Amino acid sequence: MGIYLPIAEMSVNLFVLLAMGAAVGFLSGLFGVGGGFLITPLLIFYNIPPAIAVATGANQVIASSFSGALAHFKRGTIDFKLGGVLLVGGVFGSSIGIYVFKLLRQIGQLDLFVSLLYVGLLGTVGALMMIESVNALRAARLGGAPSLRRPGQHNWIHKLPLKMRFRASKLFVSVIPVLGLGAAIGFLASIMGVGGGFIMVPAMIYLLKVPTNVVIGTSLFQIIFVSAYTTIVHATTNKTVDIVLALALMVGGVAGAQYGAKAGQKLRGEQLRALLALLVLAVAIRLAFDLFVRPANLYSLSPLEVF
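Last residue of the sequence shown? That's 316 in our numbering, and every number before it is there in order.
Honestly, the hints are just simulated from the structure, not real lab data.
Any given hint could be a false lead.
Claimed, not checked - Below, computed lysine to any residue pairings styled on SDA-like, alpha-carbon distance capped at 20 Å:
no., residue 1, residue 2
1, K90, Y268
2, K218, A145
3, K218, F181
4, K248, I105
5, K179, I105
6, K90, V21
7, K248, K90
8, K111, I16
9, K179, I16
10, K248, A145
11, K271, V253
12, K90, L14
13, K90, F234
Unchecked claim - Label pairs and their calculated CB-CB ranges:
no., residue 1, residue 2, range
14, L300, K248, 40 to 48 Å
15, I140, Y55, 41 to 49 Å
16, L287, G129, 16 to 24 Å
17, F82, I116, 37 to 45 Å
18, V302, I116, 22 to 30 Å
19, R176, N56, 26 to 34 Å
20, I105, A28, 18 to 26 Å
21, E18, I105, 25 to 33 Å
22, V109, G85, 19 to 27 Å
Predicted, not measured: the structure shown is a model, and the values here were computed from it.
Ideal Cβ positions, reconstructed from N, Cα and C, are used throughout, including at glycine.
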């Protein structure tokens, strides 16, 4: 069943879009990520213009994140205070990212910049997560009890000033790295169309030492509002949000996220991190392949000369 996308100015198969949304929504609920790092490349693979894919992908993240966050809210695994501080930083970072997005689009380098950023970022994060997950799984098999947060364990972040207590996460940490993390995620949300959960989840676990059971729900809570802000600004400033495409992705995403949240309860933390690492690496490799391999069809869009 074909539908026409007015902003992207092309016809697509509705069932393919619904399947994309459902798959990304399922993974969102399973791993606690917004799914933007998947939906944006998938849309690009489906020949949606990158500028449209980034802006509309951010919109789809809202639906899947809300559905997943609702499931975690019912279980009481959201730290609203921590999420609120992350949100303040996220809005600031997103505002800067929107300006950079507009500038790159004007000079014609947006497509290349987005692809390079995806390959570099996803490849690095995926590799680091995979190494840690493999070590944790090995320790578990040997009878050890790997813990990401040992009593009395601190790093340089815990020595920073302006400390705040987050009771739901059992943290007493400076707001500086929390705001910085939120700003970084907001910037990426506006440039890459991602919720940033694939970075926020490991950063909250390894840097801030937030308990794993609270990380996923808090991440999704923050992603909802940052993605909403990014979508509104993209729509008003760059006019790159395709509402028809967004609605199709949202319908599939909401349904998939509920099933993902249920499936996530059956896996251990190190297993979830290993699966997420594999997924991140797979997307990075696929994008790198398209970026560096010579395309089958070469063509030019230069103006036709009239003699």
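Going through the hints against the structure:
Taking the CA atoms of K90 and Y268, the gap is about 27 Å. The hint is violated against a cut of 20 Å. Annotation: proposed proximity of K218 to A145 holds, straight-line Cα distance about 16 Å (limit 20 Å). A C-alpha spacing of about 10 Å is found between K218 and F181, which places the hinted pair at or below 20 Å, so the restraint holds. A threshold of 20 Å between alpha carbons decides the hint, and for K248 with I105 the separation of about 17 Å falls inside it, so the pair holds.
For the given pair, K179 sits about 32 Å from I105 by alpha-carbon distance, which is inconsistent with the 20 Å threshold. Using a Cα cut-off of 20 Å, the hinted pair K90 and V21 is violated, with the two alpha carbons roughly 42 Å apart. Of the pairs offered as hints, the one joining K248 and K90 is violated, with about 33 Å between alpha carbons and a cut-off of 20 Å exceeded. Proximity of K111 to I16 is assessed by CA-CA distance (about 17 Å); at most 20 Å being required, the pair is judged to hold.
Simply put, K179 and I16 have alpha-carbon atoms about 46 Å apart, too far for the 20 Å limit, and the pair is violated. For a cut-off of 20 Å, the pair hint linking K248 to A145 is broken: about 45 Å separates their Cα positions. A C-alpha spacing of about 29 Å is found between K271 and V253, which places the hinted pair above 20 Å, so the restraint is violated. For the hint pairing K90 with L14, the CA-to-CA distance comes to about 39 Å; that exceeds 20 Å, so the pair is violated.
A threshold of 20 Å between alpha carbons decides the hint, and for K90 with F234 the separation of about 14 Å falls inside it, so the pair holds. Under the hint 40 to 48 Å, the C-beta atoms of L300 and K248, about 27 Å apart, miss the expected range. The hinted range of 41 to 49 Å is not satisfied by I140 and Y55, whose Cβ atoms lie roughly 32 Å apart. Evaluation of the 16 to 24 Å hint for L287 and G129 yields a pass: the beta carbon distance comes to about 18 Å.
Checked against the given bound of 37 to 45 Å, the beta carbons of F82 and I116, roughly 43 Å apart, stay inside it. Taking the beta carbon of each, V302 and I116 are about 25 Å apart, inside 22 to 30 Å as hinted. At roughly 48 Å, the beta carbons of R176 and N56 sit outside the given window of 26 to 34 Å. In this structure, I105 and A28 break the distance hint of 18 to 26 Å, their C-beta atoms being roughly 34 Å apart.
Between E18 and I105 the Cβ separation comes to about 29 Å, which falls inside the hinted range of 25 to 33 Å. Between V109 and G85 the beta carbons are some 38 Å apart, a value that contradicts the proposed interval 19 to 27 Å.
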